[in-house]
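Number of protein chains: 2
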Amino acid sequence: MSRIASVLERIDADLPQSLDRLFSLLRIPSISTDPAHAADCRRAAEWLVEDLKTIGFVASVRDTPGHPMVVAHHEGPAGSPHLLFYGHYDVQPVDPLSLWHDDPFDPKIKTIEGGHEVITGRGSSDDKGQLMLFVEACRAWKAVHGGLPARITLLFEGEEESGSPSLKPFLEANAAELKADFAMVCDTGMWDRETPAICVGLRGLVGQEITIRAANRDLHSGEFGGAAANPNRVLAKILGDLHDETGRVTIPDFYDGVEETPTQILQSWTALGETAEDFLGPIGLSVPSGEQGRTVQELTWARPTAEINGMWGGYTGAGFKTVIPAEAHAKISFRLVHKQNPDAIRDNFQQFVRDRLPADCSVEFHPHGGSPAIQLSYDSPFLVKAQGALSDEWPKTAVTIAMGGSIPIVGDFQTYLGMESLLVGFALSDDRIHSPNEKYDLQSFHKGTRSWARILDAVSGASA
Amino acid sequence: MSRIASVLERIDADLPQSLDRLFSLLRIPSISTDPAHAADCRRAAEWLVEDLKTIGFVASVRDTPGHPMVVAHHEGPAGSPHLLFYGHYDVQPVDPLSLWHDDPFDPKIKTIEGGHEVITGRGSSDDKGQLMLFVEACRAWKAVHGGLPARITLLFEGEEESGSPSLKPFLEANAAELKADFAMVCDTGMWDRETPAICVGLRGLVGQEITIRAANRDLHSGEFGGAAANPNRVLAKILGDLHDETGRVTIPDFYDGVEETPTQILQSWTALGETAEDFLGPIGLSVPSGEQGRTVQELTWARPTAEINGMWGGYTGAGFKTVIPAEAHAKISFRLVHKQNPDAIRDNFQQFVRDRLPADCSVEFHPHGGSPAIQLSYDSPFLVKAQGALSDEWPKTAVTIAMGGSIPIVGDFQTYLGMESLLVGFALSDDRIHSPNEKYDLQSFHKGTRSWARILDAVSGASA
Numbered sequence: 001m002s003r004i005a006s007v008l009e010r011i012d013a014d015l016p017q018s019l020d021r022l023f024s025l026l027r028i029p030s031i032s033t034d035p036a037h038a039a040d041c042r043r044a045a046e047w048l049v050e051d052l053k054t055i056g057f058v059a060s061v062r063d064t065p066g067h068p069m070v071v072a073h074h075e076g077p078a079g080s081p082h083l084l085f086y087g088h089y090d091v092q093p094v095d096p097l098s099l100w101h102d103d104p105f106d107p108k109i110k111t112i113e114g115g116h117e118v119i120t121g122r123g124s125s126d127d128k129g130q131l132m133l134f135v136e137a138c139r140a141w142k143a144v145h146g147g148l149p150a151r152i153t154l155l156f157e158g159e160e161e162s163g164s165p166s167l168k169p170f171l172e173a174n175a176a177e178l179k180a181d182f183a184m185v186c187d188t189g190m191w192d193r194e195t196p197a198i199c200v201g202l203r204g205l206v207g208q209e210i211t212i213r214a215a216n217r218d219l220h221s222g223e224f225g226g227a228a229a230n231p232n233r234v235l236a237k238i239l240g241d242l243h244d245e246t247g248r249v250t251i252p253d254f255y256d257g258v259e260e261t262p263t264q265i266l267q268s269w270t271a272l273g274e275t276a277e278d279f280l281g282p283i284g285l286s287v288p289s290g291e292q293g294r295t296v297q298e299l300t301w302a303r304p305t306a307e308i309n310g311m312w313g314g315y316t317g318a319g320f321k322t323v324i325p326a327e328a329h330a331k332i333s334f335r336l337v338h339k340q341n342p343d344a345i346r347d348n349f350q351q352f353v354r355d356r357l358p359a360d361c362s363v364e365f366h367p368h369g370g371s372p373a374i375q376l377s378y379d380s381p382f383l384v385k386a387q388g389a390l391s392d393e394w395p396k397t398a399v400t401i402a403m404g405g406s407i408p409i410v411g412d413f414q415t416y417l418g419m420e421s422l423l424v425g426f427a428l429s430d431d432r433i434h435s436p437n438e439k440y441d442l443q444s445f446h447k448g449t450r451s452w453a454r455i456l457d458a459v460s461g462a463s464a
Numbered sequence: 001m002s003r004i005a006s007v008l009e010r011i012d013a014d015l016p017q018s019l020d021r022l023f024s025l026l027r028i029p030s031i032s033t034d035p036a037h038a039a040d041c042r043r044a045a046e047w048l049v050e051d052l053k054t055i056g057f058v059a060s061v062r063d064t065p066g067h068p069m070v071v072a073h074h075e076g077p078a079g080s081p082h083l084l085f086y087g088h089y090d091v092q093p094v095d096p097l098s099l100w101h102d103d104p105f106d107p108k109i110k111t112i113e114g115g116h117e118v119i120t121g122r123g124s125s126d127d128k129g130q131l132m133l134f135v136e137a138c139r140a141w142k143a144v145h146g147g148l149p150a151r152i153t154l155l156f157e158g159e160e161e162s163g164s165p166s167l168k169p170f171l172e173a174n175a176a177e178l179k180a181d182f183a184m185v186c187d188t189g190m191w192d193r194e195t196p197a198i199c200v201g202l203r204g205l206v207g208q209e210i211t212i213r214a215a216n217r218d219l220h221s222g223e224f225g226g227a228a229a230n231p232n233r234v235l236a237k238i239l240g241d242l243h244d245e246t247g248r249v250t251i252p253d254f255y256d257g258v259e260e261t262p263t264q265i266l267q268s269w270t271a272l273g274e275t276a277e278d279f280l281g282p283i284g285l286s287v288p289s290g291e292q293g294r295t296v297q298e299l300t301w302a303r304p305t306a307e308i309n310g311m312w313g314g315y316t317g318a319g320f321k322t323v324i325p326a327e328a329h330a331k332i333s334f335r336l337v338h339k340q341n342p343d344a345i346r347d348n349f350q351q352f353v354r355d356r357l358p359a360d361c362s363v364e365f366h367p368h369g370g371s372p373a374i375q376l377s378y379d380s381p382f383l384v385k386a387q388g389a390l391s392d393e394w395p396k397t398a399v400t401i402a403m404g405g406s407i408p409i410v411g412d413f414q415t416y417l418g419m420e421s422l423l424v425g426f427a428l429s430d431d432r433i434h435s436p437n438e439k440y441d442l443q444s445f446h447k448g449t450r451s452w453a454r455i456l457d458a459v460s461g462a463s464a
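From first to last, the protein sequence lines are chains A and B. Just so it is clear: in the first sequence, position 57 is 57 by the working numbering, and no numbers are missing. Just so it is clear: in the second sequence, position 34 is 34 by the working numbering, and no numbers are missing.
It is possible that some hints are incorrect.
One copy or two, it doesn't matter: identical chains are merged, so the pair holds either way.
Stated by the list, open to error - Straight-line Cα separation of at most 30 Å, DSS-like style, residue types lysine-lysine; simulated pairs: (1) LYS339 / LYS321; (2) LYS396 / LYS179; (3) LYS321 / LYS168; (4) LYS339 / LYS53; (5) LYS168 / LYS339; (6) LYS142 / LYS339; (7) LYS142 / LYS321; (8) LYS179 / LYS142.
It is worth saying that the hints were derived from the structure and are not from the lab.
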């Protein structure tokens, strides 16, 4: 029997106990954004440390100005690579609680439409369920072989759902301890229930809040309308100018650093077989709204955007108030791709706004973070090995895809630890992460654990 | 002593008690647009009825489908005219409360810049303070002469600040009871602190709320941004299109029925001596923002407008949320002049929105009232008498002006009761009506009460 076959057998046999452990972690309401749950966050970190010690990790709760980190180390054979695995133990709030069919912090196994068995509860998919895959893979390996096939460091964060304020300082302060040959991040999804995916592209993000001001107070639109500048009008005009008729962003130099995606990559995305109707149908839409002549995969994975995430000004309550407000506001975000420069985007947007500001109006800008896009190699040795390992476990060959969202940790690992990441995860598009009734497929948990064992086997080089 | 001199003496002597009564009414937070304050609206109506009974009015609270009306009657001498006085006891919301220096519903006398004593509080100027002028004038007259110089009907509305939904049906149903020789409406302002004004022109108003919808739920802007329609973007584009570069409204046929103001009238407005700097300076502005090449008087009194009174969509709280919202909203109002047709304006605006609606988006419209502009005679006998009475009370001769606001009741009195209105009021341009820190000058209250007594004297014909 190969060294991996016995580990997989052990994972299968230990599944009930693995679920018990996951359920214990899921029962801790570690909502990081809510100060009332600070003690729960610490409890989750402490639970993880205790569990990791049973596997033989040297594990500790590491304080930060916010919620603590969990760091754990396990030695590997001489000459084996050093791997850093990242996950987060904090979860999103659960409101509105009334929409949950089951207690978000009392996990259950249920059978849903299609006959799929799922684990219910907040964090089941994002990210406690995914984090425990790797822990369980290590546990099985250790039980069978008495050690691990590589030197392994675990980093579990408790602030991922609340902006990760402590992460960069922690990486900087502990760079020597955390630097590995490469990182593995389990916070992404499968392509579909049969097809695992490795994510090699992530869009960057620039957030910008703007406030337009005119008169020194709210005005009566009868008394002053026609003579006084209206910040709502000014803001609408500026935001309405952000895109041209073809859906392109009109900010000067916005597309500097954007590259055309190679035809071969575009073809591989088309080969995934997902149409615009497949992608947009479930959310009640049918026509891609972005730049014309591009597929939904290209639009969401490889093209930049400018979106108005929030805007408000004047009277927004019930009924009507004929007011010309003193100010109007918007929260705007830009998704970046390839080599777009977050600082240049922000500067050019601010100039774009100032260029459109009429007499008597002023503007104030509030930045909300900025990170460049991430483009990982399609053919690094680690990726190729992981792709083979995943394809061995699942019915279909693992695909390489990109993602429209941002996972800042990947950029932080590059910046602070000089380390590339392998992004593999087993979430499904119907997992309802961040929403009521989050779930994680039992198959994702079971075969996900097996997948990480196979990846460990493949990337640690030796084969017995 | 003339019959008016003794009344004026009584008004002077009774001022402290008059203020006590006004303050009692101001303490009732009768915000008509907010359902949470429905009981307060009724309480204000009941307070007025009780107070009017003490003067000898036959007064009652009259139910409507919305907030109640107050109707009161007092007989006059045989052969005297029948006068209907209108005011409203409801007030605007007070948000944002944090900008008020004093509790909006705990009125005080304060001295402001320039040494003027003012009454603070929501409704002090619009319109409880102005409504009570006439009540106090009647009270003094009754106290001195044992009766009133004319037959008087009072009509106090509780829905003026929320679109007056019950007013027209009420006027129709009670036309025989309410029809008088002419109406007097006290909901307007002075030209300046020394110069009383009679208003002969009022802009009309069309209110329209719109909701733009796209996806069937809020979306993550990373996952769907670039492919899914964003209602905030659609709304901004539509609202940004409402005006051209010269400030003209771009809705088709919007200017149908708008007449050029006669040169003679424009000259009389110029003769008032108010510059753009005078008008805009106090609110922190300097340049008229409307159609180019017109004075601020023409822009606000004789030109139509389209204003965004409120708009909102997506995440508007602290921090940032990368959401593409399912819907976005705006409250838009049009000020109308001359013969513009409210129904046509509404229809053309709705078509304007539909013409700009991209695929996958839908729009829903909610009307919020509509009334045409009003043009009254410059030289009716009542107006001439009132002008003389006002000029007797104040340092400067009363002027005839137009107004940018809308007082739909004036059109309703024409339509349903076949009755012209005399519009006299004592608000000042720095009263901050509809805004935080609303106030009413003590002089407006005191000399306003005296003014109405003088007008009553002048228009009721006899002079003793």
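Here's how the hints hold up against the structure:
For the identical chains of this complex, LYS339 and LYS321 are inter-copy neighbours only, at 24 Å across copies versus 46 Å inside a copy, given an alpha-carbon limit of 30 Å. Taking identical chains as interchangeable, the C-alpha atoms of LYS396 and LYS179 are never at most 30 Å apart, the minima being 33 Å within one chain and 84 Å between chains. Only between protomers do LYS321 and LYS168 lie at most 30 Å apart by alpha-carbon distance; the minimum there is 20 Å, versus 45 Å within a single protomer. Taking CA atoms no more than 30 Å apart as the test, LYS339 paired with LYS53 passes in neither setting, with 42 Å inside one copy and 78 Å between copies.
Taking the shortest alpha-carbon separations for LYS168 and LYS339, only the intra-copy value of 21 Å comes in at or below 30 Å, while the best inter-copy value is 63 Å. In this homomeric assembly, LYS142 and LYS339 never come within 30 Å of each other (Cα to Cα): the closest approach is 42 Å inside a single copy and 83 Å across copies. Taking the shortest alpha-carbon separations for LYS142 and LYS321, neither the intra-copy value of 64 Å nor the inter-copy value of 38 Å comes in at or below 30 Å. Proximity of LYS179 and LYS142 under a CA criterion of 30 Å is satisfied intra-copy only: 23 Å inside one chain copy versus 92 Å between copies.
Violation of the numbered hints given earlier is confined to hints 2, 4, 6, 7; the remaining hints are satisfied by the structure.
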